[in-house]
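With this note's numbering applied, the sequence shown covers 4 to 458.
Derived by calculation from the structure, the hints in this document are not laboratory data.
Be a bit skeptical, because a hint or two may be false.
Now the in silico label distances, taken between C-beta atoms and shown as ranges [to be verified]:
id, residue 1, residue 2, range
1, Pro206, Asp87, 24 to 34 Å
2, Asp387, Pro164, 51 to 61 Å
3, Ala63, Gly333, 14 to 24 Å
4, Ala456, Pro36, 23 to 33 Å
5, Lys286, Ala456, 51 to 61 Å
Each computed DSS-like pair below joins lysine-lysine, with the alpha-carbon atoms no more than 27 Å apart [what the hints assert, rightly or not]:
id, residue 1, residue 2
6, Lys286, Lys113
7, Lys444, Lys286
8, Lys245, Lys135
All C-beta atoms, glycine included, are put in the ideal place defined by N, C-alpha and C.
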Amino acid sequence: MGIVRDILGGDRVHRIIKEQRAQRSPGRSPGAPGLNCLVLGGGGREYAIAWRLARDQSVATIDVTPGNAGMPLFTRILDFPPDDLGRLEQHIVASHIDLAIVGPDDLVAKGIGQALGRGGISSVGPSREAAKVEWSKSYAKELMAEAGVPTARAETFADAPAQREGLERWGVPVVLKADGLAAGKGVLVARTLDDARVALASPPFNGGPVVFEEPLEGEEASLQALVDGETVVALPPARDHKRVGDGDTGPNTGGMGAASPTSALPDADAQRIADELIAPVAKALVARGTPYRGVLYAGLMRTADGWRVLEYNARFGDPEAQVTLPRVEGDFARLMYALGEGRLAEYVAEQPLRFSERAYVDVVLCAEGYPGTPKTGMRITGLDQLPAGVYAFHGSTRRDPRGNLVVAGGRVIHVVAEAGTMAEARARAYEGAERIEFEGKFYRSDIARQEVAVA
């Protein structure tokens, strides 16, 4: 055997076999009842999507790429990147995938959802052209003007000289928006000229066009809707908290927490507002020959003059998904499957969408340094000590070589609590937040405070 091993190369052969196996999908045997699902992404939003799918009897399996350290509890993690289209297509065939849902903005902007849909499966994710409503703020403003959607007055400046000239003309306060994707950090309210100048010379604003926008005053809300061409179906509204500090102070983040339902936009008004502020844009995209199919998120503000659209996102919100998807009653997987196949109107006519009356609050536990460069590698403990009705939706976690759960990014754990009242859900969420520990942990202490005060 030693001679044979030497001829074949010994460890070298085993290494080659391992490498070749890594290039193939793990596959799945055909014939099992139910939907085989694939979720692309690895943050708190994708955890929420997979978590909600796992609660449907219609779901047989859930695969995720790249996933995070919490998802193996109820999914199979794939060992290839989510933007490797060739590997995705091979895996879809080998594992008999029926439904794919694209989570992160960067994958949506690449049109991955549309590409997967060409393979004959149900895919939830718009085309790159339709998703431009998120990845280009100037395009979104142009589209809103065309569709007659109320929004703040704005002007786009293409380069630094134009931006400097525009700043002198606009003055302050002014809202600065980086034109492209910026992970939720590309918006700044500049209240002094010096602040504006510093921002325009710094990432992400110094990398291309910048939209100048008039500041609006009012109450914010988040409204997500399922969009299939001109069919628009509202999901439960939520209230997000973007700034890093209590009282909405400090820089913008990807989101420090959320609550649903919200007094800012009651459930009963969701479809009407979606018809007024999302449907016109959906119709405009159809007219342009780039129909939208997927989830369209509208960041809204209720001003003294009525509702205004702050921005559109071409996917589920994060952390809005964590508090709204648990409130979607019925078979969420079948609903997504119908959306991806272009049968949303038919499906909701037979299965009208209903919202749970339960209250959900998400408190995000963040790593030291966030929203700048976060410190990582710290061990996480206390997940086995959570109160009843409290869930840990992993955002940025991984396993170290010893198998310990450790911090892997800025927004580490979403502590999601449910209860019959908002006050109880909020209390549970903060009790859970206190029990989870890692070095440098911080979080806002005022998530959903407005909701409890109103209630």
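Handout entry: Holds or violated: Lys245 to Lys135, with C-alpha atoms at most 27 Å apart
Key = Answer holds: Lys245 to Lys135 is near 22 Å, not above 27 Å.
Problem - Given hint Lys286 paired with Lys444 - CA-CA distance at most 27 Å - result: violated, 44 Å
Handout entry: Hinted pair Lys286 and Lys113, Cα distance within 27 Å
Key = Holds, at about 22 Å.
Practice task
Note whether the CB distance of Ala63 and Gly333 lies within 14 to 24 Å or breaks it.
Solution key: holds, 18 Å
Problem - Hint check for Pro36 and Ala456 - Cβ pair distance inside 23 to 33 Å - result: violated, 48 Å
Practice task
May I ask you to test the hint 24 to 34 Å on the CB atoms belonging to Pro206 and Asp87?
Solution key: holds, 27 Å
Practice task
Take the C-beta atom of Asp387 and the C-beta atom of Pro164, compute their distance, and say whether it sits inside 51 to 61 Å.
Solution key: holds, 57 Å
Problem - Distance restraint hint 51 to 61 Å, applied to the beta-carbon atoms of Lys286 and Ala456 - result: violated, 38 Å
Checked against the numbered hints listed earlier, the structure breaks hints 4, 5 and 7; every other hint is satisfied.
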